[in-house]
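Asker: If you want the building blocks of each chain, they are given just below.
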Amino acid sequence: VSGADGGTLTQVVAGLDRWFDASRVDWPTPGYGGPVVHWWNHGLAFRGSGLDWRYEGIVDGYLALWRRSGDEGWLAKAVRAGDDLIAGQFPCGSFSNSRFELNPGAGGTPHEAACVVALLLLAAALRETGRADGERYLAAAEAAFHGFLVGRLWNPVTRTLRDAPGTDSFVPNKAATFCEAVLALAALTRDDGLVARFAAPTGDRILAMQKRHPNDPLDGAIAQNRFGDRVVESFFPLYVARCVPALLKLTEATGEDRYRAGALAAARFVARVREADGGLPQVLYPRGRRNRNPRWIAGAGDVVRALTLARAYDPDLDPRPTMDWIVRGARPDGRIAAAEGFGKVLPLPWLAGRAGAADEAGVVGWCDKAFRALAPLADPSLVDRCGKVEPPTTFEMQGIVR
Amino acid sequence: MPLPLRAALDLLVLRSSNRNGPPRGRAAGDDRLVAALRDYGWVDDAGGPLIALGAPAEEIERQVVATAPPLAIVLADGRLAGLARPLLADRNGAMPPPVRLSAWDKLGYEPAWVAGLFGPGAVGWALADRVLRKLGRPDLADRCRLGMLRSLVASRAGRALSLATLVAYRRAAS
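For the protein sequence lines, the chains are A and B, in the order given.
Residue numbering for the first sequence follows this note's numbering, starting at 1 and increasing by one per position.
Residue numbering for the second sequence follows this note's numbering, starting at 1 and increasing by one per position.
Calculated directly from the structure, the hints in this document are not laboratory data.
Among the clues, some could well be false.
What the hints assert, rightly or not - If you want the footprint, here are the derived chain A segments under chain B, 3+ residues with CB under 8 Å: (1) 42-48; (2) 283-294.
What the hints assert, rightly or not - For each label pair, taking beta carbons as the anchor points, the in silico distance ranges come out as: (3) Glu256/A / Gly124/B: 43 to 53 Å; (4) Glu72/A / Arg156/B: 53 to 63 Å; (5) Arg156/B / Arg67/A: 34 to 44 Å; (6) Arg127/A / Arg133/B: 16 to 26 Å.
Think of the CB as a built atom: it goes at the ideal place given N, C-alpha and C, for glycine as much as any other residue.
Chain A extracted, bound-state conformation (with noise of 0.2 Å):
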């Protein structure tokens, strides 16, 4: 069975649902816990409720089922995504506990910009019902926005998102995230100028950072970072791939077909370095060499997400065999694997140990990603939100991974 047919996929969302639930914590605020394993960092010490990206997929998801079925109880979830953030919202607008694998910390990127984009996902879809409780969010994503985003990261001088405050550094896949909270923002306050005051500025920076040589097989990526004048030129296709939603939206806001060219070069470069399983490396550099692990199942959601929206523009970019890897990456529990091949990651393989292990955790932040890209996909009327919750497979690792 194709993972991309339709009654698999409803049993991957149900799965995916039910297992958020059985994830959700309450404390310091209540919201979504569990650990985290991630490229460099894990954090399997801190199992509070992080307000970090995990709520962009969370809420977008759950209002993608209310959408397709009208049913109310989908975007009480997405309500209750909502009421998280604010919960755990800072006077000075950011959240506690958003530095996601770096968890214990709060000014985590791109998470608090993500946070913004949920609630101001949430808002839109509360004001097309006409409940005025959508304002809140509003407010809250504005207080974020205007408080941690612009207040601290933005340089007003140079017109760039910085990676931290007080630091030089650009990181496209977080500033696109902070495009789409710019874009999302100015299409509810039809405040056209948030547009072309902070949006077209992060999408000229990430233009700039992307590789355009035709016959290059790097062509279309994007390099990860900058350091003041110095590029990193290492090119994940997870975070090249977040980059093409902010790109394509932006084309719609301002007309500017440059950035529409710049995500359908990523797109081809994603669907490009993509295997033949679906999966994706982890991260090419320039002369041909690459890491290929640990290669990411639930967060390859992204993947999904950024070639289905290009294939609008190119129908040969085909996000079928990457959901198809996310489907297989699916348990009983209901989570998806976070990834397959942390085993790998060490040069010398003997000194692996059980860092493998890593490969079946169950990671909300990541999960979040499938949620999204295949809740569109699924029939809500077959998920049975209200079933039965049990307690999400306990994950042991030994040792500490910073």
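Starting from the structure of chain A, add chain B where the hints point.
Answerer: Frame of chain A; chain B shown alone:
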């Protein structure tokens, strides 16, 4: 926060977690480290273990005498911390020297477990990362950095040469 200290807090929390709720105890020492520990959900419990995070030896001794905790866990600089700090561009100040083993013995405590953070293995990976990056092999350099991040807890053999140590002492049976 420097990597060895962040790893030490992670390890402390993981070792202190139990099935009945969040880790708990009485934390003392460097204000920044104590605040960071609380961010993990640490619960203050006067009857629990004493957690000394960069606390001066005399402060630790005073608290142990006053409260007789069942367990005292001490984070302190490792033997080579002073030497390695400049090499790793660590601008943080040194932690005070730890309580000597003989002093713990006099207090009626014996070592329960010890962990080294950022031992020779992690230092080796970090150096290989730098060399390979300079040689134009970011792919291998990244894998060495991953090696460093995945070997933050020193092996038994590397404990003595770690940048930071976490030592637990338990009250000896009288």
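Asker: Tell me whether the statement that chain B covers the segment 283-294 of chain A is true, taking a Cβ distance below 8 Å and needing three residues at minimum.
Answerer: holds (count 5)
Asker: Taking the Cβ atom of Glu72/A and the Cβ atom of Arg156/B, is their distance within the range 53 to 63 Å?
Answerer: Since Glu72/A and Arg156/B have Cβ atoms about 58 Å apart, the given range 53 to 63 Å holds.
Asker: Three residues minimum, CB to CB under 8 Å: does the segment 42-48 of chain A make the cut for coverage by chain B? Let me know.
Answerer: Answer holds; 5 residues pass the 8 Å Cβ test.
Asker: Take a look at whether the Cβ-Cβ distance between Arg156/B and Arg67/A falls inside 34 to 44 Å.
Answerer: violated, 57 Å
Asker: Confirm or reject the claim that Glu256/A and Gly124/B have a C-beta distance inside 43 to 53 Å.
Answerer: Cβ of Glu256/A to Cβ of Gly124/B: about 50 Å, so the range 43 to 53 Å holds.
Asker: Holds or violated: 16 to 26 Å for the Cβ distance of Arg127/A and Arg133/B?
Answerer: About 50 Å separates the Cβ atoms of Arg127/A and Arg133/B, which means 16 to 26 Å is violated.
Of the numbered hints stated above, those contradicted by the structure are hints 5, 6, listed in ascending order.
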